[in-house]
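Let the hints inform the model, and build the full structure from the sequences given.
In order, the protein sequence lines correspond to chains A and B. So for the first sequence, the working numbering puts the first residue at 1; every next one is plus one. So for the second sequence, the working numbering puts the first residue at 1; every next one is plus one.
Hints listed in this document are in silico derivations from the structure and should not be mistaken for laboratory results. Quantities reported herein were computed from a predicted structural model and do not represent experimental measurements. A few of these clues could be false.
Just so you know, same-sequence chains aren't split out, so a pair can sit in one copy or run between any two.
As a list, the in silico DSBU-like pairs of lysine-lysine whose alpha-carbon atoms are at most 35 Å apart [unchecked claim]: (1) LYS149 / LYS71; (2) LYS32 / LYS149; (3) LYS71 / LYS124; (4) LYS52 / LYS149; (5) LYS52 / LYS124; (6) LYS47 / LYS149; (7) LYS52 / LYS71; (8) LYS47 / LYS71; (9) LYS149 / LYS186; (10) LYS186 / LYS124.
Protein chains: 2
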Amino acid sequence: MSIDPNVSGEFSPRQSAVLAEALRLLVEGGDKALTTAGLARAANCSKESLYKWFGDRDGLLAAMISFQQSKVRTAERPGERLTSEALRDHLETFAFDLIEVLSGDVSLALNRLAIGQSSRDGSKLGRLLVEHGRRQIDRRARSLIDAGKRAGLLRFEDADGAYHTLYGLIVSDLHVRMLLGEPALKDNRVQARRAVDAFLTLHGTV
Amino acid sequence: MSIDPNVSGEFSPRQSAVLAEALRLLVEGGDKALTTAGLARAANCSKESLYKWFGDRDGLLAAMISFQQSKVRTAERPGERLTSEALRDHLETFAFDLIEVLSGDVSLALNRLAIGQSSRDGSKLGRLLVEHGRRQIDRRARSLIDAGKRAGLLRFEDADGAYHTLYGLIVSDLHVRMLLGEPALKDNRVQARRAVDAFLTLHGTV
DNA sequence: TGGGAACCGTACCGTACGGTACTTGAATTT
DNA sequence: AAATTCAAGTACCGTACGGTACGGTTCCCA
Numbered sequence: 001m002s003i004d005p006n007v008s009g010e011f012s013p014r015q016s017a018v019l020a021e022a023l024r025l026l027v028e029g030g031d032k033a034l035t036t037a038g039l040a041r042a043a044n045c046s047k048e049s050l051y052k053w054f055g056d057r058d059g060l061l062a063a064m065i066s067f068q069q070s071k072v073r074t075a076e077r078p079g080e081r082l083t084s085e086a087l088r089d090h091l092e093t094f095a096f097d098l099i100e101v102l103s104g105d106v107s108l109a110l111n112r113l114a115i116g117q118s119s120r121d122g123s124k125l126g127r128l129l130v131e132h133g134r135r136q137i138d139r140r141a142r143s144l145i146d147a148g149k150r151a152g153l154l155r156f157e158d159a160d161g162a163y164h165t166l167y168g169l170i171v172s173d174l175h176v177r178m179l180l181g182e183p184a185l186k187d188n189r190v191q192a193r194r195a196v197d198a199f200l201t202l203h204g205t206v
Numbered sequence: 001m002s003i004d005p006n007v008s009g010e011f012s013p014r015q016s017a018v019l020a021e022a023l024r025l026l027v028e029g030g031d032k033a034l035t036t037a038g039l040a041r042a043a044n045c046s047k048e049s050l051y052k053w054f055g056d057r058d059g060l061l062a063a064m065i066s067f068q069q070s071k072v073r074t075a076e077r078p079g080e081r082l083t084s085e086a087l088r089d090h091l092e093t094f095a096f097d098l099i100e101v102l103s104g105d106v107s108l109a110l111n112r113l114a115i116g117q118s119s120r121d122g123s124k125l126g127r128l129l130v131e132h133g134r135r136q137i138d139r140r141a142r143s144l145i146d147a148g149k150r151a152g153l154l155r156f157e158d159a160d161g162a163y164h165t166l167y168g169l170i171v172s173d174l175h176v177r178m179l180l181g182e183p184a185l186k187d188n189r190v191q192a193r194r195a196v197d198a199f200l201t202l203h204g205t206v
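Okay, structure coming up:
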């Protein structure tokens with residue numbers, strides 16, 4: 001993962017600073033704490049600018065999601081020759097990273113926000129989150145799983161099913177529990193290892 | 001003593017009717033649609049009664065959770081002699097029921113509500129949901145898993161870990177996706193069977 | 001039959017938020 | 001140097017909600 005100070009040009013530096021402050025407010029106090037007046041005060045900008053840049057409050061929320069995800073890029077490993085140990089390593093790293101991402105303050109806050117709005121806006125934010133945020137991590141897992149199969153180290157018929165199995169083994173009900181306010185795990189590496197062990201028992205060839 | 005349709009006796013019939021209406025409003029339009037005035041109008045009661053019965057809005061939300069969970073009781077099967085097929089059947093039934101419960105309108109609405117409030121009230125509603133709502137289903141799964149082990153049909157060291165594995169295999173990211181607004185699965189039985197197959201591959205002795 | 005409790009319907013109050021309009025001041029352009 | 005642009009800051013408006021107060025009605029019980 002690398003931090004990218006928005007080279008994509010979607011948001012100006014000023015706007016990025018405001019969005020960062022908006023995320024800080026959201027993480028701090030939930031969506032009730034994110035008011036237009038409060039954001040303007042905290043970010044030293046005017047409400048009028050907020051409305052000019054983002055349209056309305058929903059536009060601001062959508063921009064916050066885009067902004068956050070423009071900062072998170074998953075490192076894509078180049079395809080090396082896979083050994084059994086390397087595959088296990090990569091899977092564990094993936095599992096660990098996944099738990100870390102899902103446990104992150106900003107991720108939890110944005111997911112809570114989207115879930116809270118899902119009944120009102122027809123899941124617009126939810127779709128944004130799933131499609132943009134998940135795509136990165138999905139692609140990484142898929143390429144890993146496919147590479148494992150090509151190398152003869154994994155066996156499955158349905159790549160999609162295998163990925164969901166892996167995801168479920170890693171996350172279980174942890175995500176929802178954290179969304180509901182439970183503290184994160186003490187050791188994400190243990191959980192990652194257990195999940196990968198199980199996954200390899202199910203789909204490994206060795 | 002009078003016959004009270006409310007099993008727990010925690011709420012009077014009138015209060016139960018109001019809480020049922022509150023759940024209906026919540027399912028229909030999310031937490032923004034659940035206003036005290038709106039509930040009073042929809043349930044033909046006065047706001048004053050709402051405040052007398054439930055204290056304030058948060059008390060109403062907590063009462064809604066208690067009320068809903070007082071209605072849902074999981075059927076506890078008596079302990080019969082377990083065969084391999086019976087265990088698989090019971091596991092699949094459990095998996096199916098779990099998905100059905102999590103996919104339910106009211107469950108999703110209450111989870112969304114608790115998640116939305118989790119940043120504000122110190123996860124009070126979240127704890128209520130997890131502790132009261134989850135306990136039933138947890139106990140059912142635990143007793144099933146333990147019975148499987150006693151019958152020599154399952155092998156594991158950590159019952160807690162085994163249960164979380166089962167849960168993850170069944171649910172994967174389905175719960176969060178539904179909370180974010182995605183439609184439910186087309187066929188929950190297929191998913192249940194797949195999950196139980198994997199679980200028995202991991203922890204079955206046959 | 002009278003009195004009290006519960007409760008409905010409504011009106012009311014304070015507040016807080018989303019969104020708009022206007023003024024001031026600074027920076028950039030011409 | 002004048003003009004134009006951009007944004008900060010503030011004041012304002014309408015609305016909607018949580019919570020309270022009160023008059024009127026029904027029902028129970030003595």
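Hints, verified against the model:
1. Proximity of LYS149 and LYS71 under a CA criterion of 35 Å is satisfied intra-copy only: 31 Å inside one chain copy versus 47 Å between copies.
2. Within a single copy, LYS32 and LYS149 get their C-alpha atoms no closer than 47 Å, and across copies no closer than 48 Å, so neither meets the 35 Å cut-off.
3. For a Cα distance limit of 35 Å, the shortest separation of LYS71 from LYS124 qualifies both inside one copy, at 21 Å, and across copies, at 32 Å.
4. In this homomeric assembly, LYS52 and LYS149 never come within 35 Å of each other (Cα to Cα): the closest approach is 50 Å inside a single copy and 63 Å across copies.
5. Taking the closest pair of Cα atoms, LYS52 and LYS124 come within 35 Å of each other only inside a single copy of the chain (21 Å); across copies the shortest separation is 38 Å, beyond that limit.
6. For a Cα distance limit of 35 Å, the shortest separation of LYS47 from LYS149 qualifies neither inside one copy, at 53 Å, nor across copies, at 62 Å.
7. In this assembly of identical chains, the alpha carbons of LYS52 and LYS71 lie at most 35 Å apart only when taken from the same copy (23 Å versus 49 Å across copies).
8. In this assembly of identical chains, the alpha carbons of LYS47 and LYS71 lie at most 35 Å apart only when taken from the same copy (25 Å versus 47 Å across copies).
9. In this assembly of identical chains, the alpha carbons of LYS149 and LYS186 lie at most 35 Å apart whether taken from the same copy (32 Å) or from different copies (28 Å).
10. For the homomeric pair LYS186 and LYS124, the shortest alpha-carbon distances inside one copy (33 Å) and between copies (22 Å) are both at most 35 Å.
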